[in-house]
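Here the protein sequences come in this chain order: A and B. Residues 2 to 190, numbered by this note's numbering, are exactly what the first sequence covers, in order. Residues 2 to 430, numbered by this note's numbering, are exactly what the second sequence covers, in order.
Just so you know, these hints were derived from the structure itself, not from any lab. Fair warning: this is a prediction, and the values are worked out from it, not measured in the lab. Treat the hints with care, since some could be wrong.
With a cut-off of at most 25 Å between alpha-carbon atoms, the simulated DMTMM-like pairs for lysine to aspartate or glutamate come out as follows [stated by the list, open to error]:
1. LYS108(A) <-> GLU298(B)
2. LYS398(B) <-> GLU138(B)
3. LYS108(A) <-> ASP264(B)
4. LYS218(B) <-> ASP264(B)
5. LYS132(B) <-> GLU298(B)
6. LYS199(B) <-> GLU395(B)
7. LYS390(B) <-> GLU144(A)
8. LYS218(B) <-> ASP84(B)
9. LYS390(B) <-> GLU138(B)
A short, non-exhaustive set of chain B residues, derived as facing chain A with CB atoms under 8 Å [unchecked claim]:
10. THR56
11. GLY275
12. LEU412
13. TYR416
Cβ atoms here follow ideal geometry from the backbone N, Cα and C, with glycine treated the same way.
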Amino acid sequence: MQQFRQIYDRFLEVIAVFLMTLVTVIVTLGFMFRWAGSSLVWYDEIASIALAWLTYFGAALAALRGSHLGFAGFVNSLPAQWRVAATITASGINIAFFGLLALMGAKVMQAIAGLTLVSLPWLDQLWVTAVIPVASVLFIISELLRLPAIIEEARRGPLMDAELKEALGGHADEVAAAARAEAFRERTP
Amino acid sequence: MIGTIPTMIVALGALVALNVPIAIALGVIAVVAIWVTQGAYMLPNLALVMFEGATSFPLLAIPMFILAGAIMNSSSITQRLMDLAVAMVGFIRGGLAHVNIVQSMFFAEISGSAVADVAATGPIIMPAMIKRGYSREFTAAVTSSSASLAIIIPPSIPMILYGVIGNVSIVQLFVAGIIPGILGGLGMMAISYYLARKLGWPVEDRFRLDRLWETFKASSWALLLPVIILGGIFGGFVTATEGAALAVLAALFVGGVIHRDLDLAHLYRSAVDGAIQTAVVMLLIATSALLGVYLTEQQIPQRIAEGMMSITSNPYAILAILNVFLLILGLFLHSAAAIILVVPIVLPLVIAAGIDPVHFGIIVTLNLAIGQQTPPVASVLIATCAIAKADIWEVTKVNTWFIGVLLAVLLLVTYVPPVSMGLVDYFYR
Numbered sequence: 002m003q004q005f006r007q008i009y010d011r012f013l014e015v016i017a018v019f020l021m022t023l024v025t026v027i028v029t030l031g032f033m034f035r036w037a038g039s040s041l042v043w044y045d046e047i048a049s050i051a052l053a054w055l056t057y058f059g060a061a062l063a064a065l066r067g068s069h070l071g072f073a074g075f076v077n078s079l080p081a082q083w084r085v086a087a088t089i090t091a092s093g094i095n096i097a098f099f100g101l102l103a104l105m106g107a108k109v110m111q112a113i114a115g116l117t118l119v120s121l122p123w124l125d126q127l128w129v130t131a132v133i134p135v136a137s138v139l140f141i142i143s144e145l146l147r148l149p150a151i152i153e154e155a156r157r158g159p160l161m162d163a164e165l166k167e168a169l170g171g172h173a174d175e176v177a178a179a180a181r182a183e184a185f186r187e188r189t190p
Numbered sequence: 002m003i004g005t006i007p008t009m010i011v012a013l014g015a016l017v018a019l020n021v022p023i024a025i026a027l028g029v030i031a032v033v034a035i036w037v038t039q040g041a042y043m044l045p046n047l048a049l050v051m052f053e054g055a056t057s058f059p060l061l062a063i064p065m066f067i068l069a070g071a072i073m074n075s076s077s078i079t080q081r082l083m084d085l086a087v088a089m090v091g092f093i094r095g096g097l098a099h100v101n102i103v104q105s106m107f108f109a110e111i112s113g114s115a116v117a118d119v120a121a122t123g124p125i126i127m128p129a130m131i132k133r134g135y136s137r138e139f140t141a142a143v144t145s146s147s148a149s150l151a152i153i154i155p156p157s158i159p160m161i162l163y164g165v166i167g168n169v170s171i172v173q174l175f176v177a178g179i180i181p182g183i184l185g186g187l188g189m190m191a192i193s194y195y196l197a198r199k200l201g202w203p204v205e206d207r208f209r210l211d212r213l214w215e216t217f218k219a220s221s222w223a224l225l226l227p228v229i230i231l232g233g234i235f236g237g238f239v240t241a242t243e244g245a246a247l248a249v250l251a252a253l254f255v256g257g258v259i260h261r262d263l264d265l266a267h268l269y270r271s272a273v274d275g276a277i278q279t280a281v282v283m284l285l286i287a288t289s290a291l292l293g294v295y296l297t298e299q300q301i302p303q304r305i306a307e308g309m310m311s312i313t314s315n316p317y318a319i320l321a322i323l324n325v326f327l328l329i330l331g332l333f334l335h336s337a338a339a340i341i342l343v344v345p346i347v348l349p350l351v352i353a354a355g356i357d358p359v360h361f362g363i364i365v366t367l368n369l370a371i372g373q374q375t376p377p378v379a380s381v382l383i384a385t386c387a388i389a390k391a392d393i394w395e396v397t398k399v400n401t402w403f404i405g406v407l408l409a410v411l412l413l414v415t416y417v418p419p420v421s422m423g424l425v426d427y428f429y430r
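All chains, please: the whole structure from these sequences, using the hints.
Okay, structure coming up:
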């Protein structure tokens with residue numbers, strides 16, 4: 002399971018970096034061509050679509066790493082068994098929301114099949130909006146893969162705030178260990 | 002229908018208290034509200050609105066400014082700017098504190114993210130300050146507070162968010178942030194000087210013109226970055242989004258071709274972090290677009306504006322109320338979440354009261370800069386304390402000096418509009 006999680010993390014990571022690079026290249030090409038006097042008609046539409054793809058694939062990666070912004074303060078003030086219950090409930094809500102989004106995304110895909118982009122008439126909108134159901138399923142997989150670890154974290158001590166994790170980057174694990182040690186000291190007479 | 006607002010706020014609070022990510026909590030509330038008021042047949046719109054919500058062209062600037070900061074950190078650009086700051090202000094009493102502030106102001110002109118500033122400069126300057134006898138708490142406080150200048154001095158990611166959500170000119174917001182950002186930096190330097198004299202902190206070196214020239218030459222390419230980026234945006238040659246792409250390109254050129262010291266492994270890791278940060282903010286925007294559909298349908302912001310205007314229509318009183326509200330919100334919310342939640346709801350009130358939305362944008366940004374420094378939710382302060390290995394509450398005691406500076410700038414900007422709007426009026430109106 003751990004190995005699958007690592008491979009999955011790497012898979013999402015590579016897609017996210019590719020999309021980040023793609024967005025930058027498209028916008029850069031866009032203004033270079035505009036300066037050269039021959040604007041690319043498709044560049045703002047395609048760049049915006051690439052941003053939506055980056056958003057949803059990146060959101061699945063952020064879910065796997067627990068980076069979405071939340072507030073863990075209240076849950077952390079609860080006893081261990083309630084922390085675990087709250088964590089499972091929150092995860093269930095996340096999965097239900099993205100499950101609904103995946104279903105609705107699939108419905109929309111069927112409805113708009115055959116419509117094309119304005120700037121690239123050969124590109125079916127079906128492929129463009131496919132990101133919603135596809136990335137929603139990836140989000141759910143991320144949430145399920147993270148669940149055992151987050152339950153264990155909730156059982157052992159306070160959960161680290163997602164915002165703090167984002168802010169700390171490489172220092173996150175070190176601080177989580179210190180917080181757990183602190184919580185342990187508080188509980189030990 | 003306005004009675005549904007308290008229910009929605011309570012439900013949102015309950016979901017957030019359960020540690021459901023704010024983005025998803027917003028989405029859940031919106032889905033339930035749409036389902037209850039308009040019926041299940043409207044739900045397929047959920048997917049379309051969330052897709053459209055993430056396709057805003059101006060928001061493309063966010064990942065690219067994050068990437069530009071990451072590239073700077075992956076090469077020697079940051080170190081060169083720090084050397085220049087030492088040569089410029091190291092001779093003043095409390096030299097390294099001034100270096101810290103000036104360095105943050107340089108970084109702010111390219112990046113636009115306060116956390117990126119702490120990550121870039123914190124691990125270098127903080128150990129140096131502690132070694133020179135500055136207290137750990139003061140070191141963390143000055144690093145944290147000066148890093149928040151990054152969101153006031155252009156370019157600024159919160160300003161881009163505000164501009165897109167409020168349909169306000171991002172370029173004018175950038176211009177309006179220049180003077181408040183510089184005032185904040187000078188105020189922090191004045192406080193550092195006062196404390197340095199009181200506590201006998203050292204100067205680094207006497208001022209030497211030859212050293213200043215040397216470090217200026219070594220960092221001249223790095224200094225060209227803000228000139229190109231901000232010059233391009235302010236001069237109308239490129240949009241804010243294109244300016245962000247230019248920032249990436251220029252940082253890659255300077256780091257990879259001129260200095261030839263780009264650390265590719267570090268750059269890859271930074272790009273991953275940047276992609277995650279972008280996705281986190283953009284998902285919030287996408288789900289808030291969903292909530293926006295409901296709020297607009299029910300005309301709730303307009304009703305709140307009417308209700309508020311019936312109590313007072315004095316713009317200064319409204320600004321005072323909004324300042325208190327934003328400061329309290331900043332204690333508990335990340336800046337991006339605060340902007341996304343609050344701006345669509347209060348902007349109709351701001352406009353109805355005759356307050357310039359650009360002026361209000363700078364007020365919001367300053368409030369959020371303070372919010373980054375006030376625990377319990379204070380991303381920049383907490384990141385700084387973790388790197389400095391300092392206690393958050395002990396640092397906060399010292400940090401009240403710098404929070405005081407930011408508050409003074411906030412009051413000045415709020416009640417003396419030309420401080421932020423002077424340059425905007427001169428160049429654009």
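Structure-based check of all given hints:
no.	hint	in the structure
1	LYS108(A) <-> GLU298(B)	23 Å, holds
2	LYS398(B) <-> GLU138(B)	8 Å, holds
3	LYS108(A) <-> ASP264(B)	45 Å, violated
4	LYS218(B) <-> ASP264(B)	22 Å, holds
5	LYS132(B) <-> GLU298(B)	59 Å, violated
6	LYS199(B) <-> GLU395(B)	19 Å, holds
7	LYS390(B) <-> GLU144(A)	32 Å, violated
8	LYS218(B) <-> ASP84(B)	11 Å, holds
9	LYS390(B) <-> GLU138(B)	9 Å, holds
10	THR56	4 Å, holds
11	GLY275	6 Å, holds
12	LEU412	27 Å, violated
13	TYR416	31 Å, violated
In terms of the numbered hints stated before, the structure departs from hints 3, 5, 7, 12, 13, listed from lowest to highest.
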